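Here's the letter readout for the chains.
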Amino acid sequence: MSEVVEFFSQPHFWIGLLQIIGIDILLSGDNAVVIALACRSLPAHQRRRGIVLGAAAAIVLRIIFAAFIVHLLAVPYLKIVGGALLFWIAIKLLLPEEGDDQDSGGVDAARNLFQAVKTIVIADAVMSLDNVVGIAAAAKGDVVLVALGLVISIPLIVYGSTLILKLLDRFPIIVAAGGALLGYIAGETMVTDIVLLDWVHENAAWLHYAAPAGGAVFVVAAGMIVARLRRRVLRRIEQRAAEPARSDGR
Amino acid sequence: MEKILIPVDGSANAERAVVHVIAMIRKGRAVEVHLVNVQPPLRENVTRFIARSEIEGYHREEGEKALAGAKKRLADAGIAATSHIGVGPAAETIADFATDIGADEIVMGTRGLGGLAGLLLGSVATEVIREAKVPVTLVK
Chain A
1 MSEVVEFFSQ PHFWIGLLQI IGIDILLSGD NAVVIALACR SLPAHQRRRG IVLGAAAAIV
61 LRIIFAAFIV HLLAVPYLKI VGGALLFWIA IKLLLPEEGD DQDSGGVDAA RNLFQAVKTI
121 VIADAVMSLD NVVGIAAAAK GDVVLVALGL VISIPLIVYG STLILKLLDR FPIIVAAGGA
181 LLGYIAGETM VTDIVLLDWV HENAAWLHYA APAGGAVFVV AAGMIVARLR RRVLRRIEQR
241 AAEPARSDGR
Chain B
1001 MEKILIPVDG SANAERAVVH VIAMIRKGRA VEVHLVNVQP PLRENVTRFI ARSEIEGYHR
1061 EEGEKALAGA KKRLADAGIA ATSHIGVGPA AETIADFATD IGADEIVMGT RGLGGLAGLL
1121 LGSVATEVIR EAKVPVTLVK
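In order, the protein sequences belong to chains A and B.
Sequential numbering of the first sequence, starting at 1, is according to the numbering used here.
Sequential numbering of the second sequence, starting at 1001, is according to the numbering used here.
Next comes chain B alone, as it looks inside the complex (with noise of 0.2 Å):
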């Protein structure tokens, strides 16, 4: 069984990325699949008077509305999925992620939330093909 990380923003261009992967399982590959999002850091300027309780619950509350999209897909087509919430830089994040868990290959859209308009290939997914050590491919 292969593991399959997608990261996931919450735009419709990752989404797309999921559907490639259901498309793929329709077509007989097994695999186990697992989201990812990875929440931007606040500021120590801000965290240093809040609790860290607090903080946590706040990125996976955003965490989990940026999921949301893609867990909808998945359950609709019946397939299990893991999903997991990481807070950080989001490319190296992204790639420690798939090192982390023994992912055999990154699944993503090529421009998320944060790509410019007209931009063929967005910043997170540039550093991600640099700084993964899996496969990655790109969904448009």
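Just chain A, same shape as in the assembly (with noise of 0.2 Å):
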């Protein structure tokens, strides 16, 4: 029983599980705002059925992408590749959409549920994928803070959408934080990977905090920095002139 208590006093488990929180938020979120979004223009029934499909689908790819992961993540290298991998997540989060003048991924819009499930399932895959690897590089090894990972995903996928999006409007400060995060857990990932391991303890114990934080800072920087290369984005999406009846003459 002490033991169970032991466990979960443990700071690193409660940081881990913040950390996979604040994760969780933003990826699968993400998804969930994917989902809704693809589904958009279909009828009704036709749009429940979609979201249902698509939630179950990002579902059953995080087990089975956590499954595969947990088991890699002591192979030798993977480590450094799961953390660029990060990074890549981190700043790719950061970035706005694209303007009027850039082609966009030449998606089409979905006409029926065979169509929007396509994209979902797509779209589903890449960002089980990402959210799966920030759990488990957040999770350090540790099978139950991967398993509330994938718990704390479940709601945020079926129900995120709304949230994430007026969270993000009230404090779009969240998503630079969020990028900050992977970014930290990144660079954390990298320097502690099998074959690094040793070596850094030794020669560099510096470097378990001046990763992170330098991961953090770059995550930032990079995405500031792309954003403002890319044109500023600047839409007009309708023009229309109300005449309303004019009740009093003038």
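Simulated from the structure, these hints should not be mistaken for laboratory data.
No experiment lies behind these values; they were computed from the predicted model shown.
There could be a bad hint or two in this list.
What the hints assert, rightly or not - Here are the in silico distance ranges between beta carbons for each label pair:
#	chain 1	residue 1	chain 2	residue 2	range
1	B	S1053	A	V121	15 to 23 Å
2	A	R170	B	T1137	23 to 31 Å
3	B	R1016	A	R111	36 to 44 Å
4	B	R1016	A	A205	55 to 63 Å
5	A	V81	B	V1134	48 to 56 Å
6	B	K1072	A	A44	25 to 33 Å
7	B	S1053	A	R170	23 to 31 Å
8	A	H71	B	E1061	39 to 47 Å
9	A	P155	B	L1121	51 to 59 Å
10	A	A67	B	L1121	46 to 54 Å
11	A	R228	B	S1053	25 to 33 Å
12	A	A176	B	E1061	39 to 47 Å
13	B	A1068	A	A44	16 to 24 Å
14	B	D1100	A	A67	49 to 57 Å
Claimed, not checked - Heads up, simulated SDA-like pairs for lysine to any residue below, C-alpha to C-alpha not over 20 Å straight-line:
#	chain 1	residue 1	chain 2	residue 2
15	A	K166	B	P1040
16	A	K166	B	S1011
17	B	K1065	A	L167
18	A	K166	B	E1061
Stated by the list, open to error - Counterexamples of contact, computed for chain B against chain A with all Cβ distances above 10 Å:
#	residue
19	M1001
20	E1015
21	R1016
22	V1019
23	H1020
24	A1023
25	P1040
26	G1069
27	T1110
28	I1129
29	R1130
30	E1131
31	V1134
32	V1136
33	V1139
Ideal Cβ placement from N, Cα and C applies to all residues, glycine included.
Starting from the two chains in their separate frames, assemble the complex, guided by the hints.
If you want it as structure tokens, here you go:
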């Protein structure tokens, strides 16, 4: 019994859990937004089906990826690769949508449930991988934390779309904070790869602090630079003159 | 005829700016009213999977929701207005828009949906004052 208590009183468990909650809010929330947007134009009952299927696929994919990735983290060099991937994910998270004059991916709007689900499954695959890499890195091998990360992502995938849109509208700083968190975790992950672990411990123990901190700073700086290099988003979506019935004869 | 741009975000505070402009018109000022709602951009993390028409449709829908109250007030007062929806960082987009349409003045609320309660002046209003190239009137 005291072992269980001791387990839960370890600070790194709670820190890991908080990090995982943060990662899930952003990455699973985004996944929910994509599912909702992909089904936007469908008729009501098809939309509901699309969202349910999309959410189910996202959850299943997360479980499958998690099962693989937890084992892979001990393989040499894979944490370095995972860390690099996390940097990539983190920077992507910070970039705003592209403007009018830039060509988006050329995705076509879904006209039926089948097309919507096709779009969603591709999105789910990518976003689930992103989410699981983030969770696995933050969990640092703790299977309980990975499991919790998956469990927490479920309601977020199903209900998170409105939550995250409202949250980010009110507190846009959360995006930068999320990017910094991922960068922090990425730095930490890279430096603890099995091929580097002993060397760092003996020769450059300061990297355990410098790499995560540097990672966070790097992501925020890179995000700001890339966003600035791109043309600023300025879209005029609609221009309509409203001529209401004049009641006062003017 | 003066062109007045009223940025609106669906908040009660923003609507007071509309009420103020309606009062101006009633007092005899000849005003061409333009409403604008600026939507915060989605992240590329999300939009890379979605068709551009869907994204625009989403912004249009959200924009119409935010504009609804203001449009209704103007319609009830029998005043014609042109409404616009933009996407981008709020203050910059409002300021650029005012320049684009040749507005003579911007009339806006001091705190919209984004303002923290207790803050006298919201961050968007503050930035618009900084960025705008035309006079800005703030309505509390």
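Verdict for A1068 (chain B), A44 (chain A) (Cβ pair) under range 16 to 24 Å: holds, 21 Å
Interface-negative label, H1020 (chain B) against chain A, beta-carbon threshold 10 Å: About 19 Å separates H1020 (chain B) from the closest Cβ of chain A, which puts it past 10 Å; holds.
Assertion that R1016 (chain B) lies outside the chain A interface [Cβ separation over 10 Å]: holds, 20 Å
Pairwise hint evaluation, E1061 (chain B) against K166 (chain A), where the allowed Cα distance is 20 Å at most: Answer holds: K166 (chain A) to E1061 (chain B) is near 15 Å, not above 20 Å.
Could you let me know if the closest chain A CB is still more than 10 Å away from the CB of E1131 (chain B)? holds, 12 Å
Satisfaction of the hinted span 48 to 56 Å by the C-beta atoms belonging to V81 (chain A) and V1134 (chain B): 53 Å Cβ-Cβ, so the 48 to 56 Å window holds.
Outcome of range test on Cβ distance (H71 (chain A), E1061 (chain B); 39 to 47 Å): holds, 44 Å
Minimum Cβ distance from P1040 (chain B) to chain A greater than 10 Å, as the annotation requires: Not fine: 6 Å to the nearest Cβ puts P1040 (chain B) too close to chain A.
Indicate whether the distance between the beta carbons of P155 (chain A) and L1121 (chain B) respects the range 51 to 59 Å. Since the Cβ atoms of P155 (chain A) and L1121 (chain B) sit about 37 Å apart, the hinted range of 51 to 59 Å is violated.
Between S1053 (chain B) and R170 (chain A), does the beta-carbon spacing fit 23 to 31 Å? This hint holds: roughly 28 Å between Cβ atoms.
Can we trust that A1023 (chain B) is non-interface, i.e. its beta-carbon lies farther than 10 Å from all of chain A? Nearest chain A Cβ is 14 Å from A1023 (chain B), so the label holds.
Take the C-beta atom of R1016 (chain B) and the C-beta atom of R111 (chain A), compute their distance, and say whether it sits inside 36 to 44 Å. The hint (36 to 44 Å, Cβ to Cβ) holds, given that R1016 (chain B) and R111 (chain A) are roughly 43 Å apart.
Of the numbered hints listed earlier, those contradicted by the structure are 9, 12, 25.
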